[in-house]
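Protein chains: 2
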Amino acid sequence: MLKDGWFYERSFNETFSMGWKVKKVLHSEQSKFQKIDVVETDAVGKLLLLDGKTMVSDLDEFVYHEVMAHIPFMVSRDCKKVLIIGGGDGGVVREFAKHESIQQIDLVEIDERVIEVSREFFPDCTSALDDKRVNILPQDGFAFIKSKNNEYDIIIIDSTDPEDFASGLFTNEFYTDVYNALTEEGIMMNQTENPFLDQYDIKSIYKNMQKAFPIVQSFTAPMSIYPGVFWTFGFSSKKYRATDLLSDKKNEMYKLERSLKWYNMDWHKAAFAISNFHKRKIGL
Amino acid sequence: MLKDGWFYERSFNETFSMGWKVKKVLHSEQSKFQKIDVVETDAVGKLLLLDGKTMVSDLDEFVYHEVMAHIPFMVSRDCKKVLIIGGGDGGVVREFAKHESIQQIDLVEIDERVIEVSREFFPDCTSALDDKRVNILPQDGFAFIKSKNNEYDIIIIDSTDPEDFASGLFTNEFYTDVYNALTEEGIMMNQTENPFLDQYDIKSIYKNMQKAFPIVQSFTAPMSIYPGVFWTFGFSSKKYRATDLLSDKKNEMYKLERSLKWYNMDWHKAAFAISNFHKRKIGL
Numbered sequence: 001m002l003k004d005g006w007f008y009e010r011s012f013n014e015t016f017s018m019g020w021k022v023k024k025v026l027h028s029e030q031s032k033f034q035k036i037d038v039v040e041t042d043a044v045g046k047l048l049l050l051d052g053k054t055m056v057s058d059l060d061e062f063v064y065h066e067v068m069a070h071i072p073f074m075v076s077r078d079c080k081k082v083l084i085i086g087g088g089d090g091g092v093v094r095e096f097a098k099h100e101s102i103q104q105i106d107l108v109e110i111d112e113r114v115i116e117v118s119r120e121f122f123p124d125c126t127s128a129l130d131d132k133r134v135n136i137l138p139q140d141g142f143a144f145i146k147s148k149n150n151e152y153d154i155i156i157i158d159s160t161d162p163e164d165f166a167s168g169l170f171t172n173e174f175y176t177d178v179y180n181a182l183t184e185e186g187i188m189m190n191q192t193e194n195p196f197l198d199q200y201d202i203k204s205i206y207k208n209m210q211k212a213f214p215i216v217q218s219f220t221a222p223m224s225i226y227p228g229v230f231w232t233f234g235f236s237s238k239k240y241r242a243t244d245l246l247s248d249k250k251n252e253m254y255k256l257e258r259s260l261k262w263y264n265m266d267w268h269k270a271a272f273a274i275s276n277f278h279k280r281k282i283g284l
Numbered sequence: 001m002l003k004d005g006w007f008y009e010r011s012f013n014e015t016f017s018m019g020w021k022v023k024k025v026l027h028s029e030q031s032k033f034q035k036i037d038v039v040e041t042d043a044v045g046k047l048l049l050l051d052g053k054t055m056v057s058d059l060d061e062f063v064y065h066e067v068m069a070h071i072p073f074m075v076s077r078d079c080k081k082v083l084i085i086g087g088g089d090g091g092v093v094r095e096f097a098k099h100e101s102i103q104q105i106d107l108v109e110i111d112e113r114v115i116e117v118s119r120e121f122f123p124d125c126t127s128a129l130d131d132k133r134v135n136i137l138p139q140d141g142f143a144f145i146k147s148k149n150n151e152y153d154i155i156i157i158d159s160t161d162p163e164d165f166a167s168g169l170f171t172n173e174f175y176t177d178v179y180n181a182l183t184e185e186g187i188m189m190n191q192t193e194n195p196f197l198d199q200y201d202i203k204s205i206y207k208n209m210q211k212a213f214p215i216v217q218s219f220t221a222p223m224s225i226y227p228g229v230f231w232t233f234g235f236s237s238k239k240y241r242a243t244d245l246l247s248d249k250k251n252e253m254y255k256l257e258r259s260l261k262w263y264n265m266d267w268h269k270a271a272f273a274i275s276n277f278h279k280r281k282i283g284l
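Here the protein sequences line up with chains Y and S, keeping their order. For the first sequence, the positions run 1 to 284 when this note's numbering is used. For the second sequence, the positions run 1 to 284 when this note's numbering is used.
Be careful, since some hints might not be right.
Copies of the same chain are indistinguishable here, so a pair counts whether it falls within one copy or spans any two.
What the hints assert, rightly or not - Straight-line distance between alpha carbons at most 25 angstroms, and here's what the computed PhoX-like set of lysine-lysine pairs gives: (1) K23 - K207; (2) K261 - K46; (3) K250 - K279; (4) K3 - K23; (5) K3 - K249; (6) K249 - K32; (7) K46 - K80; (8) K207 - K261; (9) K21 - K53.
I should point out that these hints are in silico values taken from the structure, not numbers from a laboratory.
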């Protein structure tokens, strides 16, 4: 996996590479689903790899996890029940658990070993997994969602790239199942890849979302360890737009956001005013 | 320079790397100031390197050049005269030249060879260098600025990293000279590096700007070819804030922004609502 003490991830059809100098390989295993490695780097601290792709680092895990949780929380009118598909590192659970009004957080992660390895090497991320509101369900999210109807206020798709067993999580069939599993004012959030090094056809992903949801919006937040860094995220909603922050929750959030590392409400409202490039790439 | 047909740029004290597969080396020379290379890549098209650092690519040159020019233009009340220090690729000149009300654009580039090489390999960038309002001045910007007083409405610092002959362009002395060279409502724009892989101490750069200017703000735009991609930019102003867009110019900009690849006024207004991370890193 290492070359002269460096880990490299090649992407965009093997034409672009990002690499990190590795101090030490902390863990390596082949689970039932994928290869799981944890390396200690100089630049980004501990780094989790699944099948040789960067997933989570100490340096910037807060960006992804905070935006995925606090944006839909602030828009959802009465958020009691949350579902996270993927996200075995626990980071998104941790952020939702900061809101006392949430009663239930279901985490559906296909690979239990990702959770166990994260508990060992990323204890900050997994710190809320033993919260009594959290249910860990080691199942296939694609199958799980089909059995649910009008149940969750927010559903987060915290997936890997549209390849192998995660490819189903980018289809219209799946987004329609998510729509049905949501309550009538429900919100879906998902990661939607890098539009500069557009190897997965982002426009078709957004088309699939638009077929299922009446409101589809997009924003960007940097993921320093992902290929090309400039990362887009989708906000798909049955009723409220992403900038319709619920005023009842603002006092709670003013207190919380001081302790957050990325999210604040001004940034949230601004994040959906996107560049011409971003609009054209996703076709919105 | 190449390794197995790839160009790699290592940064952040040699702990992080970005690489591009190279189809062909189009040009290599040692100028009086630096090594200048142009390579043809699969991922980002033609790529200009100065001393082995990525400067401009076909894929994303529009991002940097549009934000540097159109943001200050929309805030400046009566912008007649613009100075660009560095920027020998001509991209920022091209964007300012789209505004007919600008009467003079001075380009102070220390290395004439950068301009000549850009004319040959990046003709889109250099397309406005022969506009009759443009003066190309092959001089040291640090010395040039000292001779100017109350002369320019906008000054753009389009520099390389704070190393070698560019390091002076990040000092309080230089920012004070820029302040004096500006008219009384003048605006300075500069690139201020990546706060995740913060090898140049961004906070000290912003402190230097704040000592010279009463208003200092920051925003981010992605530069896919720069180390870590997540790039910050500074907006330093004598009178107006970055979100005070001049209403007289809005009709002109509504027409222009349809043809721009990145900039639009909604994005401009939103870009200055920055994340907690960004605020803390720059100390604003």
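Here is what the structure says about each hint:
1. K23 - K207: Neither. Shortest intra-copy (42 angstroms) and inter-copy (34 angstroms) distances fail the 25 angstroms Cα cut-off.
2. K261 - K46: Answer is within: at 18 angstroms inside a copy they meet the 25 angstroms cutoff, but 37 angstroms across does not.
3. K250 - K279: Classified as between: cross-chain Cα gap 20 angstroms, same-chain 29 angstroms, threshold 25 angstroms.
4. K3 - K23: For K3 and K23, both the intra-copy (12 angstroms) and inter-copy (23 angstroms) Cα distances are at most 25 angstroms.
5. K3 - K249: neither (49 angstroms within a copy, 54 angstroms between copies)
6. K249 - K32: neither (42 angstroms within a copy, 60 angstroms between copies)
7. K46 - K80: neither (33 angstroms within a copy, 51 angstroms between copies)
8. K207 - K261: between (32 angstroms within a copy, 21 angstroms between copies)
9. K21 - K53: both (15 angstroms within a copy, 19 angstroms between copies)
When held up to the earlier numbered hints, the structure conflicts with 1, 5, 6 and 7 and fits the remainder.
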